[in-house]
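Chemist: Input sequences plus hints: build the corresponding full structure.
Just so you know, the sequences run in chain order R and L.
Sequential numbering from 24 applies to the first sequence in our numbering.
Sequential numbering from 357 applies to the second sequence in our numbering.
Among the hints, a few may not be true.
Unchecked claim - Which chain L residues stay away from chain R? Per the calculated CB distances, all over 10 Å, these:
1. D400
2. A401
3. T451
4. A461
5. A462
6. A478
7. A487
8. G520
9. A521
10. Q552
11. I572
12. D599
13. A644
Said to hold, decoys possible - Here are the simulated PhoX-like cross-link-like pairs (lysine-lysine), alpha carbons at most 20 Å apart as the crow flies:
14. R:K251 <-> L:K579
15. L:K567 <-> L:K660
16. R:K256 <-> L:K640
17. R:K266 <-> R:K25
18. R:K268 <-> L:K630
19. R:K266 <-> R:K126
20. R:K239 <-> R:K251
21. L:K579 <-> R:K268
22. L:K482 <-> R:K266
23. R:K268 <-> R:K251
24. R:K43 <-> L:K482
No lab work stands behind these hints: they were computed from the structure.
Idealized CB from N, CA, C, for every residue including glycine.
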Amino acid sequence: MKILVGYKRVVDYNVRIQVKPDGTGVVTDGVKLSANPFDDIALEEALRLREKGVAEEVVVVGIGPADLTAHLRNGLAMGANRAIHVVTTDAVQPLTAARVFQKLIEKEQPGLVILGKQAIDDDANQTGQMLAALWDRPQATFASKVEIADGKATVTREVDAGLEVIEAELPAVITTDLRLNEPRFIKLPDIMKAKSKPIDTIELGSLGVEANDHLKTTHYAAPAKRSKGVMVKDAAELVAALKQKGLL
Amino acid sequence: MSKILVIAEHLDGKLNPSTARAVSAAVAIKPQAIDVLVLADNVDAIAADAARIEGVSRVLTLARAENAHPLAAVLAPQIAKAAAGYSHVFAPSTTFGKDVLPRVAALLGVAQVSDVMSVEGAHTFKRPIYAGNAIITVEADPNTTVVATIRTASWPAASNGAGGAPVEAISVDAALPSHTRFVELQSGKSDRPDLQSASKVVSGGRGVGSKENFEIIYKFADKIGAAVGASRAAVDAGYVPSDLQVGQTGKIIAPELYMAIGISGAIQHLTGIKDAGTIVAINKDGEAPIFEIADIGLVGDLFKIIPELEQALG
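Modeler: See the structure below:
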């Protein structure tokens, strides 16, 4: 079985985002970029399935500008067999990303697609579900445990009510939650080895997918600041303050 | 004119309060009609609950054995068909809505607006990105159906009205797949108030130190009638089950009172509580980031302070 893994590059999760004063965007120049944390988890899970003999090949897929190649090399250094780089300079929204994956699936015929549950930049949480719909295959979102046997995936999902277990016939789309696994670190010799691994480059337009903006973002703003708080010196003062506000 | 279809969320035959919050967002558009769609095996009790929500025009039911569990692959084709004639399809931005609605949007060939915080117009919305560190205004295409999930923490639950909206059973012509099957739900059931709808929440973090020590948080929460939450650190350390996690990757809540105990306040946690009415922080580290957003802060050892709080409450 072949596994396709979505591997998005985003502003590092430790960076405190600044909104441009003119409301046209957030400052991304000179800001540290990293793999979307949920995508690292997706890649780790695919590698573990390969190590268990469930899969033979793991392919990381990135959509973005020419310099995304360096990011895909990180995925190869972590252990992916090869990478596909869909090149575009346009911003790509989830519906476009799902359509790109649908085209790649036609060509690659994977048994499983693993994506992160959301990207920490647009926080959309849509691409996996949209892909499953376009592909007309099962989806198992927010996965915290995945077992593959007899042509089906048994997936434990983190839902508001607790943990839900579902069965999905393969091929299927799985999206990862934080507790699925702990991604491995990249070792120096693997960075060297990754340099000789293949990266296929495909222009987005050649897939017959348009990167049009389905949603237009017209303004960016910083969130409303909370007013400055007060410090109390002990428990009695805290209780008094809360009682005064009618909260206790 | 706008006509809005709101997808009902329910569990164990009861309507989830998140549905009434999605109705509030629908009301903000001032539409011609707001219909609530209930997909279940037994719809009657859920539909009766939905019919009482103020602002609801009609409750539509799709009762089928296949709808016994909320499987997105099964529900989405039915919702997509039922959406014909509606200008908007809304669902709460809970794990239920997040799972099913993008699948509906893709079937309709449209984008989805995730986590709507405010309605600026029938096609203009505000939503958070970068863990709530930026708020964007987005415009959806007015020529296609708007599919959106509603950030429950940003909207009050629409109240129960006097009259009941009419309930109508509908049927749709949709082929349902059998490739996805429900196995079981292991719920972290408790008698405490539900974390997402509670007016008071007491949360513990890594500072609580162990699963056993978390009893002090439960006990204090029970004393003031609060739900219990936790930071990611407390969940990862195994102190509490993951459905208690508050933050960007857990639940986003807006209680009247939020007490963060032994929580340093990572960006990802703060995202989950930014809309709380009053935030109280109790932490032994006076430099902890949680104090930057707390309305009331108290520096000290939680194991000393909580018993003192209980004593002060009598």
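Chemist: Each of the hints needs a verdict: does it hold here or not?
Modeler: Hint by hint, here is what the structure shows:
1. Here D400 of chain L stays apart from chain R, with its beta-carbon at least about 21 Å from theirs, past the 10 Å limit.
2. Distance check for A401 of chain L against chain R: the nearest CB is about 17 Å away, which clears 10 Å, and the non-interface claim stands.
3. Look at T451 of chain L: its CB is around 4 Å from the nearest CB on chain R, not clear of 10 Å, so calling it non-interface is violated.
4. Listed as outside the interface, A461 of chain L is inconsistent with that label: its C-beta sits roughly 7 Å from the nearest C-beta of chain R, within the 10 Å cut-off.
5. For A462 of chain L, the requirement that its beta carbon stay farther than 10 Å from each beta carbon of chain R is not met, with the minimum near 4 Å.
6. The beta carbon of A478 of chain L is kept farther than 10 Å from every beta carbon of chain R, the shortest such distance being approximately 14 Å.
7. Interface exclusion of A487 of chain L from chain R breaks down, the closest Cβ pair being 6 Å apart, not more than 10 Å.
8. The claim that G520 of chain L is not at the interface with chain R holds, since no C-beta of that chain comes within 10 Å of its own (minimum 27 Å).
9. The non-interface label for A521 of chain L is consistent with chain R: the shortest C-beta to C-beta separation is roughly 26 Å, beyond 10 Å.
10. Q552 of chain L, annotated as away from the interface, has a beta carbon of chain R within 10 Å; the closest lies near 7 Å.
11. With 10 Å as the threshold on Cβ separation, the claim that I572 of chain L sits away from chain R holds: the shortest Cβ distance comes to roughly 14 Å.
12. Against chain R, the non-interface label of D599 of chain L is violated: not every CB pair exceeds 10 Å, the least being about 5 Å.
13. The claim that A644 of chain L is not at the interface with chain R holds, since no C-beta of that chain comes within 10 Å of its own (minimum 12 Å).
14. About 28 Å separates the Cα atoms of K251 of chain R and K579 of chain L, which puts this hinted pair outside 20 Å; it is violated.
15. With a C-alpha separation of about 18 Å, the suggested pair K567 of chain L and K660 of chain L falls inside the 20 Å cut-off, and the hint holds.
16. For the hint linking K256 of chain R to K640 of chain L, the alpha-carbon distance of about 12 Å falls within 20 Å, and the restraint holds.
17. Proposed proximity of K266 of chain R and K25 of chain R is contradicted: the alpha carbons are some 61 Å apart, above 20 Å.
18. Restraint check for K268 of chain R and K630 of chain L: satisfied, since their Cα atoms lie roughly 19 Å apart, inside the 20 Å limit.
19. Of the supplied pair hints, the one linking K266 of chain R and K126 of chain R is violated, its CA atoms being roughly 60 Å apart against a limit of 20 Å.
20. About 34 Å separates the Cα atoms of K239 of chain R and K251 of chain R, which puts this hinted pair outside 20 Å; it is violated.
21. For the given pair, K579 of chain L sits about 18 Å from K268 of chain R by alpha-carbon distance, which is consistent with the 20 Å threshold.
22. Of the supplied pair hints, the one linking K482 of chain L and K266 of chain R is violated, its CA atoms being roughly 34 Å apart against a limit of 20 Å.
23. As the CA atoms of K268 of chain R and K251 of chain R are separated by approximately 16 Å, the hinted pair is consistent with the 20 Å bound.
24. A distance of roughly 17 Å separates the Cα atoms of K43 of chain R and K482 of chain L; the hinted pair therefore holds under the 20 Å criterion.
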